[in-house]
Structure formats: structure tokens, C-alpha cells
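Spelled out, the chains give:
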Amino acid sequence: MNILIAEDDAPSRFMLQSLLTKWGYDVTVAADGDEAWKILCDPVHPLLVILDWLMPGIEGPEIVRRLRMKEGNNPHYVIIMTSGTSENSLALALDSGADDFITKPFNNSELRARVNVGCRITRLHEALAEKIYKLESATETIFELARTDELTGLHNRRSFNETFTLVLSSARRHGHPLSLISIDLDHFKTVNDTYGHTIGDMVLKEFSDLLKDMVRIEDVASRWGGEEFIIMLPNTASEAAAALAERIRSNFEQQPSSASPFAVTASFGVAQLQNGDDEDSLIRRVDDALYTAKREGRNRVVTV
Amino acid sequence: MTSRDQGQETIDIFDMDKFVHRNLGDLDLSRDVATIFLDSAPEYIKSIRNALDAFDSVALRQSAHKLKGAADNLALSSLSKIAGRIETIAQTGDFEINRQLLPELELQFDQAEIALKNFIVTSQEKVRL
Chain A
0 MNILIAEDDA PSRFMLQSLL TKWGYDVTVA ADGDEAWKIL CDPVHPLLVI LDWLMPGIEG
60 PEIVRRLRMK EGNNPHYVII MTSGTSENSL ALALDSGADD FITKPFNNSE LRARVNVGCR
120 ITRLHEALAE KIYKLESATE TIFELARTDE LTGLHNRRSF NETFTLVLSS ARRHGHPLSL
180 ISIDLDHFKT VNDTYGHTIG DMVLKEFSDL LKDMVRIEDV ASRWGGEEFI IMLPNTASEA
240 AAALAERIRS NFEQQPSSAS PFAVTASFGV AQLQNGDDED SLIRRVDDAL YTAKREGRNR
300 VVTV
Chain B
0 MTSRDQGQET IDIFDMDKFV HRNLGDLDLS RDVATIFLDS APEYIKSIRN ALDAFDSVAL
60 RQSAHKLKGA ADNLALSSLS KIAGRIETIA QTGDFEINRQ LLPELELQFD QAEIALKNFI
120 VTSQEKVRL
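Going line by line, the protein sequences match chains A and B.
303 is the number that numbering that gives the first Met the number 0 gives the last residue of the first sequence; the numbers go up by one with no jumps.
128 is the number that numbering that gives the first Met the number 0 gives the last residue of the second sequence; the numbers go up by one with no jumps.
Calculated directly from the structure, the hints in this document are not laboratory data.
Some hints here could point you the wrong way.
Here are the simulated BS3-like pairs of lysine-lysine, each with C-alpha atoms no more than 30 Å apart in a straight line [said to hold, decoys possible]: (1) 17/B - 37/A; (2) 21/A - 133/A; (3) 17/B - 21/A; (4) 204/A - 130/A; (5) 130/A - 69/A; (6) 188/A - 17/B; (7) 37/A - 69/A; (8) 45/B - 37/A; (9) 293/A - 80/B; (10) 45/B - 17/B.
In this text the structure is predicted, and so the values were computed from the model without any measurement.
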């Protein structure tokens with residue numbers, strides 16, 4: 000455990016440093032308040048801090064106040080040291096944010112005991128901060144997983160719906176265009192029935208990878224379920240959406256699938272947000288367009 | 000003056016047992032701390048004198064406080080006491096009284112210096128024996 004000692008009196012500083020070193024601590028020393036504050040502003044610095052109350056530069060209690068303002072999950076443990084002339088010193092030291100207080104000249108068994116307490120609390124804080132960090136990253140992972148389609152890595156339906164509500168209300172408020180592309184792979188049941196689900200899954204992945212490559216960063220490409228996909232295109236009119244759909248369609252048709260022994264194609268419906276549309280009505284219209292594409296012979300793009 | 004009084008007076012100047020105990024009985028460490036004190040303290044006294052000349056009560060209080068803390072740690076109780084008085088009076092802004100205390104402070108430091116130098120030499124002799 001590393002301890003910072005800030006003490007302007009050289010013999011006291013040396014004595015304190017020697018005692019703490021004898022007790023097995025690593026010690027960093029500062030000869031005044033400014034030097035102590037500089038050390039505490041380093042990204043890596045001791046968390047257990049022994050500060051003299053009255054020092055040239057920034058005084059002990061002010062350093063504690065500044066520390067408390069900037070610290071996060073892993074707080075410092077601060078012991079303030081003073082010659083204790085005033086009866087209020089204890090209360091003042093603790094009010095400034097210090098954890099403990101020791102009067103000079105210190106009794107060394109008391110000093111040792113107080114530093115040991117500080118060390119124990121600092122270790123607990125560190126363990127807690129580590130757990131909080133793990134918990135936060137686990138939460139982030141879970142959040143990410145909850146919004147991702149496991150097979151394809153695209154947004155899942157939940158993620159699409161959440162984003163769709165926000166994007167739709169923003170488009171309506173600002174009068175920006177918004178388009179959807181609804182996609183269904185043609186005769187996909189035949190692929191699964193003939194070659195099995197493993198091959199079917201590989202085709203879905205290949206198609207998803209193609210979508211990821213072809214959409215813009217602001218577009219939301221999602222797997223709606225089964226072999227159905229939906230793309231949300233903010234700030235995009237239906238002509239541009241239809242042009243993108245056509246590029247995806249022709250790319251997919253021309254790229255021979257490495258998984259499937261026969262060519263798979265896809266049908267596309269395109270629709271743009273209109274006055275009076277809500278989430279459901281826009282999705283209904285884009286699905287109508289997709290059914291029209293299917294009915295008209297598949298492997299085509301239909302805009303409503 | 001009885002011998003008992005003299006003993007008490009010596010202890011007030013420098014309580015060697017208390018000081019060595021404070022350094023966990025480590026004589027080498029005690030000597031090092033005493034040496035650093037003897038190097039630093041004249042500077043502290045100089046700062047006190049400068050602060051008095053400049054009528055700077057904040058600097059006076061700080062340097063007296065520093066000397067008091069150092070003297071306390073070294074178990075130099077007479078020196079600590081006079082430094083403490085100067086520190087307290089500095090807060091009232093009365094420079095005249097503090098100016099009168101300066102010779103007493105210097106005297107106490109001289110006595111502390113003799114005691115510490117004596118300690119540095121005799122404690123080394125003890126080790127050799």
C-alpha cells in the first residue's frame with residue numbers, strides 16, 4: 000500500500016516516512032501543499048493520504064475539499080495531522096472531508112493503528128470499486144446483448160422498436176423524411192427444408208453481413224424475425240431508400256452464396272413517412288409493399 | 000536547585016527516552032531525525048525573525064507553528080513551548096511581545112542543539128561499547 004505524506008517540517012517528514020517504511024508501507028512524500036496536490040492530480044497516485052493541517056501552499060483541509068470534489072468510485076482515505084491547538088480542530092478536520100485525525104506529536108502505536116485502519120478501508124474501497132466496474136461492464140454487455148440479434152449481430156426487433164419511436168418523433172417534429180425498407184428472403188423455407196437449418200443460418204448471416212456493409216452508419220438494419228429484415232433510414236426519402244434497396248437486391252443476387260448450393264434472392268418493400276403516420280401504419284405500408292413485391296414475382300423492389 | 004529539579008529541566012530541554020521510543024527504539028533513525036532537525040531549525044528561526052521584521056503575522060504564525068511541530072516531535076518541550084507562545088501571539092498581531100520573546104527562543108534552541116549534539120555523539124559511543 001502506497002501512502003502520501005504531506006508535511007513541510009523536514010525532520011517530522013523524515014521520521015514519519017521512516018516509521019511507515021518500517022511498518023511495510025511504500026511512502027511518497029510532499030514538502031508542501033502544492034506539491035501534494037500535484038501528486039494527487041497524477042492519474043496514478045496513493046489513495047491513503049496523511050496531510051499536515053498547516054502547510055505552505057494549499058493547506059490540508061483545502062486539499063481534502065478539492066479531493067472530495069473530484070473523486071469517483073474509489074475514494075481517498077485522508078488522515079489530517081495537526082499540533083491541535085484549537086479545540087475545534089477535530090471537528091474542522093472531519094468537516095472538511097477527512098476520514099481521521101491525528102495530533103502531533105503522535106504516539107506511534109496510535110499512528111500505526113490509525114494508518115492500519117486507513118489501509119483496511121482503502122482496500123475495501125478498492126475491492127468495491129473493482130466490483131462496481133465489473134458490474135457496470137456486465138450491465139453494458141447485457142444491455143448490448145438485449146439489443147442484438149444473436150445469429151446475425153444486427154439490431155433485434157426490440158432495439159429497432161426503441162430506436163424507431165425516437166427517430167419517428169424526431170422526424171415528425173423537424174419535418175425530416177424517414178423511410179423504411181422491409182425485406183424477406185425468397186423461398187427461404189425451401190433452403191431450410193432441403194439443406195437444413197445450419198445452411199439456412201449461414202445464408203441469413205451472409206445476407207446480414209451484406210446489409211451491414213451497405214447501409215450508412217445512421218441507418219438501423221435489424222432482423223425482424225425468421226428471414227425478415229427491416230432497415231430504418233433517417234433523413235432519407237423513398238427514392239433514395241428504393242435505390243439502396245435495389246443495390247442490395249442486385250448485389251445479393253449476383254454474389255453466389257458460399258453456403259447455399261443454389262442462388263437465394265430477396266424481395267423488398269419501401270415506404271416513406273407521411274403525415275398522420277404512426278409506427279404501426281408506416282410498418283403496415285412497408286409490409287404491403289413487400290407483399291406486392293412477392294406477389295409480382297419476388298426478387299424485386301416495390302415502393303408505395 | 001535540587002538534582003531532581005535539574006533532571007526535570009534537562010528533560011524539558013530534550014526528553015531522550017521519549018524521542019527514542021517515538022522512533023521505535025531505533026537509535027540510527029533517532030540520530031538521523033536529530034541531524035535533520037539541526038539542519039532545518041536555524042532556517043525556521045530565521046523565518047520567524049524575517050516575519051517579525053516584515054510585520055507579516057501569517058508568515059510568523061506559520062514558521063512558529065512549524066518550529067513548534069518539529070520541536071514536539073523531537074521531544075524538545077521548552078523549545079516547543081516558546082514556539083507555541085509565539086504562534087499564539089502571532090494570531091493577535093502583537094509583534095512587540097513576540098520580538099521580546101525572540102532571545103528566549105534563541106536560548107532554548109541553543110540548549111536544544113547542545114542536548115541533541117550530545118545525544119548524537121553519546122548514543123553512537125553506546126553502540127560501540
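Status of the hints after comparison with the structure:
1. Restraint check: the Cα-Cα separation between residue 17/B and residue 37/A comes to about 35 Å, which exceeds 30 Å; the hinted pair is violated.
2. A C-alpha spacing of about 35 Å is found between residue 21/A and residue 133/A, which places the hinted pair above 30 Å, so the restraint is violated.
3. Between residue 17/B and residue 21/A, the direct Cα distance comes to roughly 19 Å. Compliance with the 30 Å bound is thereby established for this hinted pair.
4. For a cut-off of 30 Å, the pair hint linking residue 204/A to residue 130/A is broken: about 36 Å separates their Cα positions.
5. Distance hint between residue 130/A and residue 69/A is fulfilled; the C-alpha atoms sit about 20 Å from each other, no more than 30 Å.
6. Only pairs whose Cα atoms come within 30 Å are accepted, and residue 188/A paired with residue 17/B is rejected, the gap being roughly 92 Å.
7. Note on residue 37/A and residue 69/A: the hinted pairing holds, with a Cα-Cα distance of about 14 Å set against a maximum of 30 Å.
8. Between residue 45/B and residue 37/A, the direct Cα distance comes to roughly 28 Å. Compliance with the 30 Å bound is thereby established for this hinted pair.
9. For the suggested pair residue 293/A and residue 80/B, the alpha carbons sit about 100 Å apart, so the restraint of at most 30 Å is broken.
10. Simply put, residue 45/B and residue 17/B have alpha-carbon atoms about 28 Å apart, close enough for the 30 Å limit, and the pair holds.
Violated hints for the displayed structure, listed by number in ascending order: 1, 2, 4, 6, 9.
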